[in-house]
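Chains as they are written, first to last, in this note's numbering: chain A, 1 to 410; chain B, 1 to 410.
Hints are computed from structural coordinates only; laboratory data are not their basis.
Nothing false has been slipped in among the hints.
Chain copies aren't distinguished; within one or between two, either way the pair holds.
Result set (EDC-like, lysine to aspartate or glutamate): computed pairs, CA atoms no more than 16 Å apart in a straight line: (1) 334 x 310; (2) 42 x 291; (3) 58 x 29; (4) 58 x 27; (5) 42 x 21; (6) 334 x 151; (7) 334 x 175; (8) 137 x 110; (9) 146 x 156; (10) 87 x 207.
There are 2 protein chains.
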Amino acid sequence: MTTRDECLALDAADTLAPLREEFSLNDGEIYLDGNSLGPVSKAVSTRVSDVIERQWAKGLVRSWNDASWMDLPTRLGDRIAPLIGAKPGEVLVADTLTILLAKLIGAALEQRTNRDVVLTDAVNFHSDLYIVEAMAKRAGRPITVKAINRDDLASELSADVALVMLTHVDFRSGEMLDLAGITDQVHRAGSLMLWDFAHSAGAVPLDVDGANVDFAAGCGYKYLNGGPGSPAFLYVRSAWQNFLQNPLPGWLGHARPFDFEPTFVAADGIRSFITSSPSIVALAALDGALDVFDSVSMSDLRTKSLQLTDLFLELVEARLPGVFDVVTPREHEKRGSHVALAHPDAYGIIQALIARRVVGDFRAPDLARFGFTPLYLRFVDVYDAVEILANVLETGAHRDPTFATRNPVT
Amino acid sequence: MTTRDECLALDAADTLAPLREEFSLNDGEIYLDGNSLGPVSKAVSTRVSDVIERQWAKGLVRSWNDASWMDLPTRLGDRIAPLIGAKPGEVLVADTLTILLAKLIGAALEQRTNRDVVLTDAVNFHSDLYIVEAMAKRAGRPITVKAINRDDLASELSADVALVMLTHVDFRSGEMLDLAGITDQVHRAGSLMLWDFAHSAGAVPLDVDGANVDFAAGCGYKYLNGGPGSPAFLYVRSAWQNFLQNPLPGWLGHARPFDFEPTFVAADGIRSFITSSPSIVALAALDGALDVFDSVSMSDLRTKSLQLTDLFLELVEARLPGVFDVVTPREHEKRGSHVALAHPDAYGIIQALIARRVVGDFRAPDLARFGFTPLYLRFVDVYDAVEILANVLETGAHRDPTFATRNPVT
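Next comes chain A alone, as it looks inside the complex:
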């Protein structure tokens, strides 16, 4: 079993270790929930203050031009593009993830009008399931949404399938799907592929260009650390951009927004998918949060992420053999950046850990979920977290009766 001293040595040799200094973290707390809400980086505070105190307070309405607020949704998109393997002009930041999925589902269904089935994963994030049903109802023709077992995709694909919508890293298990392989499989059936990157962007290397992904959307507030409810991002492959119509058009997506034309004429490129401007203050927070990614490659982050999750799995099994059902795949190519452990007392375990300043989260019915973000986590944090987890289980602290009632979020 890896020792604490060995973890300290790994940290001392870690070339990513200085990035931790960019974040405001609580002393003595081990934060393993960056997959739910990333922490604040110092550049966030600086950027938001600059927008409020200078661009807004001093520049006022002029800042739409002078501070390029008009271009912020595409400028931030271009900052996210390299993190997912997209080209400039293929990514836009706006709205929330569910609204962006609505836009992409609506647009995609108009591209396969001779097909009437959408496939998605029965255990997809629930909001994805709700919005695909809702947009299918409004497609202008009868559409059947089939929520399948994703392992049955090959047998479910047919000439009736217009669109396949999957989440790349499962929010419960942390299983990562084969981006290129599945996209290719879907294309061979003549269907379109929409990926949800909520638990992927900033966590694992993505190559949407190489994988020929049609459409994708992802989250600003998890591994990208853009803040609670941060605007989301949307990817539309450049080859599609002249064919797709935003089903929720708005004035900022118009070719000439300030000509106030009564008929919608789409702006060129990704911009037509803007409806109206997301909060500039919120975009500024995400802009600051993206700074940390400028000095690091997703490949280096991935290497450390796997080292962290490998270490966690090793230590959990060494210290607590047989206690948990490890839901997250062992194979590196199938693992995202969090680990889920099933246990009947998972809720109490998470609460007891939080009380001991190790923050993970609970996902019903029985998962204790731990996110490992290589930007700010140390190997010694993993070691200490497992020691505290072992102490909780050994002392029965997780059976504290005050944990009997679940609170809504953690």
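Please build the complex by placing chain B on the supplied structure of chain A, with the hints as guidance.
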């Protein structure tokens, strides 16, 4: 003609004058564009810093519960409710105005399934026109959108009209429509009424309850001063809340968001119209901005607003007789809180004014538009603005050739 000294005396007697201290305004600048983007109030900076430095940085994911982030969309809705005459639980803050209109149009069309016409104003804000067309296309049955001359509403209403969507204060002319009278007229035809309050909320008293308004939505970044791209608000009359379905459902509008159920079950009340969380940082900015309304009545604001626009009209006509076509109605009951002056050189006039630190805006093809926000504008500001306007016209400064090319925003 009112003198500058008389304006100073009006300011000295103005009980609203101290509110100006709540805002960060540029020294020596007269800001007449709060109808496009309201200025920063000091409470905004304080609230945003608290959310970033304490709630997010220290509380992290726990703040969804501990800082009541989960309830912020409805809590802010309840703060806006009294400004529009709504009851607690009838207003929600989320998304952007166009997205909220999409939700209300979609939901409303499902309530009048035996009717297939939507009436709107041919000179409505263009984004409203785009989204009503888009949602009509996705209603699940053929819907005709008729963009009418709003003065012809009586003759256009018929048993075919499902929904009427109008903007309460015209963004160009500043004309204010008769909220109660039109709503009643629409109801007598058996149609539903959706109001856009972009240029009304925080600017003029509204009584949605007394006027029996069905649905409304409005803007956070104009007279409510919530910041650029601030989340918008939506009103659904309580009597409708158990019947309407959000056409863009999401997990935070679910009755039990953390049970991760595969089928959407709407939360009770207004909450079902949330899709997913807007930026908490953006909501914090709006929350701070709303503080100033706690200490003032909309009725007192309205009195001063009319005094300011009356004074502006009086001085413009005295100093520059016959120079402008005054587009904004003289009658108080038909006037919002901005004044629009038509002039062939309106673009150059606005640019010359901005160069002289009087900020208004231009709306194509020929309108110079001036917003009068009683929260922070003084009578002497109106006087000085008109003097500077007269100086621009008298010196021909507005014909500066550098103003030949319009920039996109102002």
